[in-house]
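Engineer: Starting from the given sequences, assemble the full structure and let the hints guide the process.
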Amino acid sequence: MKISTLNFLKTNLIIIALFCFGLVNAQEEDPEKSKEKNEQELNMDAVFSRPTLSFDKVPVTVGGYLEANTMHRTEEGITDGLSFQARRLTIFMAASISERIKFLTEIEFEDGGKEVAIEFAALDVAFHPLFNFRGGIVMNPIGAFNENHDGPKWEFVERPDVAVNMLAATLSNAGFGMYGKTYSGNWIFGYEAYLTNGFSSRIISNEEDKTYLPAHKDGDNLFEDNFSGKAMFSGKLAIKNRKIGEIGISYMGGTYNKFEDDGEEVEDQAKVDVFAIDWNTTIKATGTYIVGEAAWIWAETPDTYTQQYGNKQRGVFMDIVQPVYKNKIFEWEDATFNVAARFDYVDWNVGRFKETNTKIGDQILAVTPGISFRPTPKTVFRINYRYEWKTDILNNPAERAATWYMGFSSYF
Amino acid sequence: MRMKSYLLGSLLLLPLFFSCEVLAPQEPEEYELLDGPVEDLTMAEAKRFIKGDVAFNDQIFTVETGLGPIFTGTSCVSCHAGDGKGHPFVKFTRFGQSFPGVNEYLKQGGPQLQNRAIPGYEPETLPPGAAHTDLIAPIVTGLGFLDAVRDQDLIDMSDPDDLDGDGISGRVHWNTRPDYVSDRPETISKDGKYITRFGKKGKMYDLLHQTADAYNQDIGITSYFEPYDTYSGDKMPSEIDRQTISDVVFYLKTLKAPIPRDQDDPDVMAGKALFGDIQCAACHKPTLSTGYSPIEAISYKEFHPYTDLLLHDMGPELDDGYTEGYAHSYEWKTPPLWGIGLAKDSQGGQYFLLHDGRANSIEEAILYHGGEAENSKNLYRGLSQIEKDQVLKFIESL
Numbered sequence: 001m002k003i004s005t006l007n008f009l010k011t012n013l014i015i016i017a018l019f020c021f022g023l024v025n026a027q028e029e030d031p032e033k034s035k036e037k038n039e040q041e042l043n044m045d046a047v048f049s050r051p052t053l054s055f056d057k058v059p060v061t062v063g064g065y066l067e068a069n070t071m072h073r074t075e076e077g078i079t080d081g082l083s084f085q086a087r088r089l090t091i092f093m094a095a096s097i098s099e100r101i102k103f104l105t106e107i108e109f110e111d112g113g114k115e116v117a118i119e120f121a122a123l124d125v126a127f128h129p130l131f132n133f134r135g136g137i138v139m140n141p142i143g144a145f146n147e148n149h150d151g152p153k154w155e156f157v158e159r160p161d162v163a164v165n166m167l168a169a170t171l172s173n174a175g176f177g178m179y180g181k182t183y184s185g186n187w188i189f190g191y192e193a194y195l196t197n198g199f200s201s202r203i204i205s206n207e208e209d210k211t212y213l214p215a216h217k218d219g220d221n222l223f224e225d226n227f228s229g230k231a232m233f234s235g236k237l238a239i240k241n242r243k244i245g246e247i248g249i250s251y252m253g254g255t256y257n258k259f260e261d262d263g264e265e266v267e268d269q270a271k272v273d274v275f276a277i278d279w280n281t282t283i284k285a286t287g288t289y290i291v292g293e294a295a296w297i298w299a300e301t302p303d304t305y306t307q308q309y310g311n312k313q314r315g316v317f318m319d320i321v322q323p324v325y326k327n328k329i330f331e332w333e334d335a336t337f338n339v340a341a342r343f344d345y346v347d348w349n350v351g352r353f354k355e356t357n358t359k360i361g362d363q364i365l366a367v368t369p370g371i372s373f374r375p376t377p378k379t380v381f382r383i384n385y386r387y388e389w390k391t392d393i394l395n396n397p398a399e400r401a402a403t404w405y406m407g408f409s410s411y412f
Numbered sequence: 001m002r003m004k005s006y007l008l009g010s011l012l013l014l015p016l017f018f019s020c021e022v023l024a025p026q027e028p029e030e031y032e033l034l035d036g037p038v039e040d041l042t043m044a045e046a047k048r049f050i051k052g053d054v055a056f057n058d059q060i061f062t063v064e065t066g067l068g069p070i071f072t073g074t075s076c077v078s079c080h081a082g083d084g085k086g087h088p089f090v091k092f093t094r095f096g097q098s099f100p101g102v103n104e105y106l107k108q109g110g111p112q113l114q115n116r117a118i119p120g121y122e123p124e125t126l127p128p129g130a131a132h133t134d135l136i137a138p139i140v141t142g143l144g145f146l147d148a149v150r151d152q153d154l155i156d157m158s159d160p161d162d163l164d165g166d167g168i169s170g171r172v173h174w175n176t177r178p179d180y181v182s183d184r185p186e187t188i189s190k191d192g193k194y195i196t197r198f199g200k201k202g203k204m205y206d207l208l209h210q211t212a213d214a215y216n217q218d219i220g221i222t223s224y225f226e227p228y229d230t231y232s233g234d235k236m237p238s239e240i241d242r243q244t245i246s247d248v249v250f251y252l253k254t255l256k257a258p259i260p261r262d263q264d265d266p267d268v269m270a271g272k273a274l275f276g277d278i279q280c281a282a283c284h285k286p287t288l289s290t291g292y293s294p295i296e297a298i299s300y301k302e303f304h305p306y307t308d309l310l311l312h313d314m315g316p317e318l319d320d321g322y323t324e325g326y327a328h329s330y331e332w333k334t335p336p337l338w339g340i341g342l343a344k345d346s347q348g349g350q351y352f353l354l355h356d357g358r359a360n361s362i363e364e365a366i367l368y369h370g371g372e373a374e375n376s377k378n379l380y381r382g383l384s385q386i387e388k389d390q391v392l393k394f395i396e397s398l
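If you're matching them up, the sequences are chains A and B in order.
Counting from 1, one number per residue, gives the positions in the first sequence under our numbering.
Counting from 1, one number per residue, gives the positions in the second sequence under our numbering.
Keep in mind that the hints were calculated from the coordinates and are not lab data.
A couple of the hints might just be wrong.
[What the hints assert, rightly or not] Derived DSSO-like pairs: lysine-lysine, alpha-carbon spacing no greater than 27 Å straight-line: (1) A/Lys-153 - A/Lys-181; (2) A/Lys-312 - B/Lys-91; (3) B/Lys-200 - B/Lys-256; (4) A/Lys-354 - B/Lys-344; (5) B/Lys-344 - A/Lys-210; (6) B/Lys-256 - A/Lys-390; (7) B/Lys-91 - A/Lys-354; (8) B/Lys-344 - A/Lys-390; (9) A/Lys-390 - B/Lys-51; (10) B/Lys-91 - A/Lys-390; (11) B/Lys-91 - A/Lys-210; (12) B/Lys-51 - A/Lys-114; (13) A/Lys-359 - B/Lys-344.
[To be verified] Here are the in silico distance ranges between beta carbons for each label pair: (14) A/Phe-343 - B/Glu-29: 29 to 39 Å; (15) B/Gly-192 - A/Ser-83: 52 to 62 Å; (16) B/Ile-155 - A/Ser-83: 49 to 59 Å; (17) B/Arg-358 - A/Trp-389: 23 to 33 Å; (18) A/Gly-81 - B/Met-43: 16 to 26 Å.
[As the list claims (entries may be wrong)] Quick look at which bits of chain A chain B covers, simulated, 3 or more residues with Cβ under 8 Å: (19) 75 to 83; (20) 207 to 214; (21) 304 to 310; (22) 397 to 404.
The beta-carbon is built from N, C-alpha and C at its ideal position, and this holds for glycine as well.
Structural biologist: Quick look at the structure:
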């Protein structure tokens with residue numbers, strides 16, 4: 001996912017050039033229009049549904065978001081003190097190349113620019129609402145979070161454990177595929193299907209010492225080489241009822257190891273399958289917003305492995321956001337105070353030890369209550385308190401940690 | 001009005017945020033944990049301790065960093081979680097030697113069975129008919145104190161011919177040692193052999209020997225000290241630097257001795273007395289002392305490990321037919337009992353005791369004792385239930 005400094009400079013130059021040519025023109029959206037649009041959108045539309053992006057009038061738009069926070073973590077009574085973090089700066093650039101052909105890229109700068117990642121860079125060609133082509137570096141449509149990960153959309157500083165530490169969000173790969181949508185009364189139905197590069201053996205040989213999909217992202221030449229030589233399929237079906245809510249089911253998987261080298265079979269072919277369900281809804285009566293995803297991973301590990309690297313993983317997260325005050329505050333017409341809570345759970349190794357028939361640990365459980373203030377929907381200030389219990393593989397008594405966060409995230 | 005109260009409410013949260021210890025998990029008491037340094041390290045020593053701590057507890061080897069190709073674990077901590085006793089999930093097998101002397105299976109992968117392999121390699125399998133034993137990792141705390149006990153003190157405790165007639169002999173393990181280790185203060189040698197004291201058969205000379213061997217045999221990491229690859233047998237460039245190994249050795253030397261709990265409890269005190277009365281203390285020696293050590297915090301100190309570091313005949317039930325160095329297959333080194341009450345916290349919530357974890361309770365471990373400990377075990381058997389419970393409670397308090 002890392003790109004070289006040279007590329008980084010190039011990207012910067014392009015951005016600066018765009019500014020100089022005055023092509024940049026972020027559009028404010030009419031709130032009424034956007035509400036109506038919202039109702040017709042699925043989670044998968046998140047890529048293009050970003051408040052500062054507009055494809056209407058100008059050929060190129062630039063937008064992005066910034067996230068910063070303070071953090072204070074105490075682990076088993078020991079703390080490293082307070083730290084200030086500017087977690088990420090993400091820049092989007094979009095262009096309507098001609099009618100029905102658009103380009104969008106999302107570039108993330110993490111750790112003060114030391115890590116630059118292209119999260120998305122794809123060309124979209126619309127043939128028919130049910131039939132759109134997308135190719136380039138695409139985000140694999142798995143779960144709720146991966147395609148819809150912009151900081152300002154969430155009430156929590158941390159990203160969900162299951163999405164980031166089990167499913168490898170934000171996961172994008174070079175490849176192409178199709179997506180589309182259709183409507184009928186209150187119902188919306190959407191699909192996505194892509195073939196991309198797949199995972200690598202790092203998922204079963206890494207410093208986490210466990211089956212760990214995110215380890216794939218430390219690999220080299222991710223957007224050029226396909227480690228296994230076999231395409232990975234990822235796809236999603238989503239259905240939404242405007243009155244009830246949305247539910248999505250998604251899958252990605254394929255061979256992850258280099259089982260052939262120079263035509264010689266060097267390892268048994270090994271596969272990984274990922275399955276996820278996500279949901280979101282707003283309870284009309286109370287305005288409560290609920291979003292979450294549950295995911296399962298099955299990974300084939302070599303016969304020569306012990307249970308250190310699990311074959312089965314599962315996890316879930318769910319956010320509940322309750323607006324408690326929505327009104328004009330100072331000059332902000334539509335300011336909102338929310339109280340929110342998140343539940344996180346991941347089990348990286350589901351099963352029992354063969355040696356002792358006792359449960360394998362390697363789990364995390366966390367609850368995060370929080371409050372947030374949104375002067376406008378595009379900007380969120382949030383205070384979170386996260387309490388977590390983490391057990392090692394042997395299932396020893398959990399290590400407890402509590403973290404306070406205070407931060408903001410805003411589109412620009 | 002309402003808005004004001006919300007704003008006020010959030011403002012009230014601010015001070016809470018800056019007193020972040022609020023709602024934070026409390027630090028466990030020092031006596032509940034095994035890890036942590038001995039008291040009175042100098043600041044320079046404390047820094048080295050932390051470097052070793054990181055290498056021991058955080059450095060996980062992967063294919064890229066030299067793991068394997070065949071191995072039994074990927075890091076020290078994978079088997080020595082929390083510096084405590086190991087879980088049977090990460091036990092390993094040694095094989096190939098039935099009598100004092102030399103392992104006959106060195107060419108077939110002995111003595112250690114590397115039962116795991118990186119993708120594309122075959123791990124070792126046990127040659128049919130080879131003598132073998134399973135071993136779970138011992139607690140590694142307080143090793144600096146055990147390391148600094150003078151050789152002469154061990155000889156003084158030993159009684160190979162049972163001259164005192166108590167049925168308990170106990171002998172030091174005279175064994176060869178690699179060239180790269182250096183003498184401990186006042187070391188004693190006999191016919192080119194030295195007194196070795198680490199490992200369950202007591203075959204390792206010191207903590208450098210143990211550590212360099214662990215990197216090589218357990219993780220497949222070659223070093224200046226142990227340059228031979230366990231898979232090919234070829235001499236390989238070092239996959240870890242000497243400094244890191246020496247930091248880990250320093251870490252092991254300066255890990256604190258486990259702190260006993262509930263020592264004022266009347267049952268514990270009664271149990272302690274009984275422990276002496278029924279001869280347990282003849283092998284599980286309550287008090288030893290160190291000689292000179294360059295680390296002042298462990299130099300000339302008295303400590304309470306409940307071991308004599310000697311080899312004992314433990315009878316047929318604990319004889320797996322496999323041995324190391326010049327020990328017999330029925331001989332085992334008395335394991336220290338300190339920290340045993342905290343073993344559950346590193347063994348997934350339950351006990352796995354004795355060399356291979358076969359005993360699921362302290363009592364079961366006692367009942368496996370035989371050989372020189374037969375008499376002591378029978379004395380334990382003869383105790384009333386209340387007295388037995390007191391002995392067990394005492395052991396758990398260590």
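Engineer: A separate judgement is required for each hint: does it hold in the structure or not?
Structural biologist: Cross-check of the supplied hints:
no. : hint                              : result
1   : A/Lys-153 - A/Lys-181             : holds, 23 Å
2   : A/Lys-312 - B/Lys-91              : holds, 23 Å
3   : B/Lys-200 - B/Lys-256             : holds, 21 Å
4   : A/Lys-354 - B/Lys-344             : holds, 19 Å
5   : B/Lys-344 - A/Lys-210             : holds, 23 Å
6   : B/Lys-256 - A/Lys-390             : holds, 25 Å
7   : B/Lys-91 - A/Lys-354              : holds, 12 Å
8   : B/Lys-344 - A/Lys-390             : holds, 17 Å
9   : A/Lys-390 - B/Lys-51              : holds, 24 Å
10  : B/Lys-91 - A/Lys-390              : holds, 23 Å
11  : B/Lys-91 - A/Lys-210              : holds, 18 Å
12  : B/Lys-51 - A/Lys-114              : holds, 26 Å
13  : A/Lys-359 - B/Lys-344             : holds, 14 Å
14  : A/Phe-343 - B/Glu-29: 29 to 39 Å  : holds, 31 Å
15  : B/Gly-192 - A/Ser-83: 52 to 62 Å  : holds, 57 Å
16  : B/Ile-155 - A/Ser-83: 49 to 59 Å  : holds, 55 Å
17  : B/Arg-358 - A/Trp-389: 23 to 33 Å : holds, 31 Å
18  : A/Gly-81 - B/Met-43: 16 to 26 Å   : holds, 19 Å
19  : 75 to 83                          : holds (count 6)
20  : 207 to 214                        : holds (count 3)
21  : 304 to 310                        : holds (count 5)
22  : 397 to 404                        : holds (count 5)
In terms of the numbered hints stated before, the structure departs from none.
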